[in-house]
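*Asks:* On the provided structure of chain A, position chain B as indicated by the hints.
The listed protein sequences derive, respectively, from chains A and B.
Numbering-wise, this note's numbering puts 244 at position 244 of the first sequence, and it's gapless, one number per residue.
For this note's numbering, add 319 to where a residue sits in the second sequence, where the first one is 1.
Treat the hints with care, since some could be wrong.
As a list, the in silico BS3-like pairs of lysine-lysine whose alpha-carbon atoms are at most 30 Å apart [as the list claims (entries may be wrong)]: (1) 205/A to 517/B; (2) 432/B to 192/A; (3) 511/B to 59/A; (4) 589/B to 59/A; (5) 86/A to 280/A; (6) 524/B to 258/A; (7) 205/A to 46/A; (8) 205/A to 638/B; (9) 59/A to 582/B.
These aren't lab readings, by the way, just hints derived from the structure by calculation.
Note that the structure is a prediction, hence the values are computed from the model and not measured.
There are 2 protein chains.
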Amino acid sequence: MKIDVQQAAEFLKANDDYLILMHASPDGDTLGCGHALCGALQRMGKRARAVCPEEIPHKFDYLFSACEKQEFEHKNVVCVDVADTKLLGDMKEIGDTAELCIDHHETNTDYAKRTLLRGEYAAACELMYEVINALGVEFDKELANCIYTGTATDTGCFKFSNTTPQTHLIAAEMMKFGADYAMINYVNFDLKTQGRIKLEQEVLKNIRYFEGGRVALISVPLALVQSLDVDSDDVGALANIPRQIEGVDVGICVKEKKNGSFKASLRTSKLVNAAEVCLKFGGGGHARAGGCSFFNGAEDAEKRIVEASCEAVRAALGK
Amino acid sequence: MKIDVQQAAEFLKANDDYLILMHASPDGDTLGCGHALCGALQRMGKRARAVCPEEIPHKFDYLFSACEKQEFEHKNVVCVDVADTKLLGDMKEIGDTAELCIDHHETNTDYAKRTLLRGEYAAACELMYEVINALGVEFDKELANCIYTGTATDTGCFKFSNTTPQTHLIAAEMMKFGADYAMINYVNFDLKTQGRIKLEQEVLKNIRYFEGGRVALISVPLALVQSLDVDSDDVGALANIPRQIEGVDVGICVKEKKNGSFKASLRTSKLVNAAEVCLKFGGGGHARAGGCSFFNGAEDAEKRIVEASCEAVRAALGK
Numbered sequence: 001m002k003i004d005v006q007q008a009a010e011f012l013k014a015n016d017d018y019l020i021l022m023h024a025s026p027d028g029d030t031l032g033c034g035h036a037l038c039g040a041l042q043r044m045g046k047r048a049r050a051v052c053p054e055e056i057p058h059k060f061d062y063l064f065s066a067c068e069k070q071e072f073e074h075k076n077v078v079c080v081d082v083a084d085t086k087l088l089g090d091m092k093e094i095g096d097t098a099e100l101c102i103d104h105h106e107t108n109t110d111y112a113k114r115t116l117l118r119g120e121y122a123a124a125c126e127l128m129y130e131v132i133n134a135l136g137v138e139f140d141k142e143l144a145n146c147i148y149t150g151t152a153t154d155t156g157c158f159k160f161s162n163t164t165p166q167t168h169l170i171a172a173e174m175m176k177f178g179a180d181y182a183m184i185n186y187v188n189f190d191l192k193t194q195g196r197i198k199l200e201q202e203v204l205k206n207i208r209y210f211e212g213g214r215v216a217l218i219s220v221p222l223a224l225v226q227s228l229d230v231d232s233d234d235v236g237a238l239a240n241i242p243r244q245i246e247g248v249d250v251g252i253c254v255k256e257k258k259n260g261s262f263k264a265s266l267r268t269s270k271l272v273n274a275a276e277v278c279l280k281f282g283g284g285g286h287a288r289a290g291g292c293s294f295f296n297g298a299e300d301a302e303k304r305i306v307e308a309s310c311e312a313v314r315a316a317l318g319k
Numbered sequence: 320m321k322i323d324v325q326q327a328a329e330f331l332k333a334n335d336d337y338l339i340l341m342h343a344s345p346d347g348d349t350l351g352c353g354h355a356l357c358g359a360l361q362r363m364g365k366r367a368r369a370v371c372p373e374e375i376p377h378k379f380d381y382l383f384s385a386c387e388k389q390e391f392e393h394k395n396v397v398c399v400d401v402a403d404t405k406l407l408g409d410m411k412e413i414g415d416t417a418e419l420c421i422d423h424h425e426t427n428t429d430y431a432k433r434t435l436l437r438g439e440y441a442a443a444c445e446l447m448y449e450v451i452n453a454l455g456v457e458f459d460k461e462l463a464n465c466i467y468t469g470t471a472t473d474t475g476c477f478k479f480s481n482t483t484p485q486t487h488l489i490a491a492e493m494m495k496f497g498a499d500y501a502m503i504n505y506v507n508f509d510l511k512t513q514g515r516i517k518l519e520q521e522v523l524k525n526i527r528y529f530e531g532g533r534v535a536l537i538s539v540p541l542a543l544v545q546s547l548d549v550d551s552d553d554v555g556a557l558a559n560i561p562r563q564i565e566g567v568d569v570g571i572c573v574k575e576k577k578n579g580s581f582k583a584s585l586r587t588s589k590l591v592n593a594a595e596v597c598l599k600f601g602g603g604g605h606a607r608a609g610g611c612s613f614f615n616g617a618e619d620a621e622k623r624i625v626e627a628s629c630e631a632v633r634a635a636l637g638k
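Only chain A is shown next, with the shape it has when bound in the complex:
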């Protein structure tokens, strides 16, 4: 059942003993949402616990101060920024019993008894900001840090086209409540490990250009990743690099996975629809970012995704 912000707030006020689930491969938005909601409920005198099926990267440690660790038997499950319970890993079954889901993914599978969805919001934290206001909980520095984190990280620090005036207005509000935005932005956008610097250097050494520089490809062999002290965040960020190069309309990153498959990630200019290219290989995504997998070695993967990308560029240019 689709509900609005007021109805979500009424449900949260009327009940207690909340287990809040955040998605696996946790990012700033799900973590910001989960800790903000947990902190808000605790400030209302309720019991609440925010849990993630996977380890939370240390850079997000600052979010933990928004709520206390509470042990109790949960009565109500709330999923935040979770489009599908498949994204809950080992906690999928618990997620399937969700009383409430608060999310901003158009692709939400409507698995919860009640779903508060705003597909047009850049971040689920923008929606959580409205929920916390509707709960009547006053913001403080810790809650503000949570909400700021989600709005900043899901928009590339207000850089991407999903950013709206509302995103900025919420950021401004959170800064007024003391959000430590310079620290948050430093750890999320500027800070790189020495391993990541090395990784970026190595993959850039072998960057290849096609279609007169409009298509660029980097490859990430598993052995390289394993030889460096890097985490999934570091590897994930590589996908954005080729498209940042002047003249590149399709930036491709082909990454070797532990199971022997090859994951291609595409980032595109307006010229090419990334999801359409990836769909040809059973993948998908959005207009400007997509992904698909290949199972016959690096050479095959690279050849096929590069050819499809070059074709898409030529088609767009009417060649």
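*Replies:* Just chain B now, with coordinates in the frame of chain A:
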């Protein structure tokens, strides 16, 4: 004479034939200010021309549509985002006749007959937003692009500690008027030339760490810069890289200049005051960013700035 926004607007309303000067090594803030003011005055039926003493990087071409090219003999000079007429290069003498200066640098030398200064503003464009409102000119997409550009570029896209709630509120306003923020952010923050990618790679190859990784140094030989297709923007951006590495409190970039000198740029964490370190060598700057010059070769420059940086780290740690 220090004046306020209303007085600046009154002066601009009462006069005509404006030559608007923007500083050399033009950035998004001075260019945004200059083109916004020029466009606003033209929309009021006045004659105005925005001029920069140096070539404007092509990535800013989109700003030009905010105003028309007008030829006329100027009667009033207005400097925008210009702290000192020394920053006007060949146009210094014209700048010295300025009737009005609109700026946000605490260090403004008060050279103009009237100075509208807001040292606490992150961008001069925030102040220009207030001036245009006081002039009663309605914003449109073109003016909004100018103001958005200054607020975004002077804050690292709302990332840095100089950002205020007001910065976000103005960005939100400019987005409502149609600012093409995704394009502006892409060209200013994501886009890199192939030359820049190569340059970054080459200097990172030889990064050196000191003081247990708290001090990091990169060197930029002139021959390397000249061997690649890069511009001053590309070279300038290198200064930010070492400090982005995890554990680094002082990031140093030593760059060989055409005149044989060596320019050291420091970026620091809260642990070390960059300006204080640079002051020892006749330089200066801000708490988190500073610079100074050396004249006895690369080795001497690097040794001295690294030693001073390590000393500052040890002093801060009470060693």
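*Asks:* Work down the list of hints and note, for each, if the structure agrees.
*Replies:* Hints, one by one, checked against the model:
As the CA atoms of residue 205/A and residue 517/B are separated by approximately 9 Å, the hinted pair is consistent with the 30 Å bound. Only pairs whose Cα atoms come within 30 Å are accepted, and residue 432/B paired with residue 192/A is rejected, the gap being roughly 47 Å. For the proposed pair residue 511/B and residue 59/A, the alpha carbon gap of about 27 Å is at most 30 Å, so the pair holds. Between residue 589/B and residue 59/A, the direct Cα distance comes to roughly 18 Å. Compliance with the 30 Å bound is thereby established for this hinted pair.
Straight-line distance between C-alpha atoms of residue 86/A and residue 280/A comes to about 23 Å, which keeps the hinted pair within the 30 Å bound. Distance hint between residue 524/B and residue 258/A is fulfilled; the C-alpha atoms sit about 28 Å from each other, no more than 30 Å. The suggested pairing of residue 205/A with residue 46/A is violated, with an alpha-carbon distance near 54 Å, which exceeds 30 Å. At most 30 Å may separate the alpha-carbon atoms for a hinted pair to count; residue 205/A and residue 638/B exceed this at roughly 40 Å.
The straight-line distance between the Cα atoms of residue 59/A and residue 582/B is roughly 33 Å, outside the 30 Å bound, and the hint therefore fails.
When the structure is compared with the earlier hints, violations turn up for hints 2, 7, 8 and 9 and for no others.
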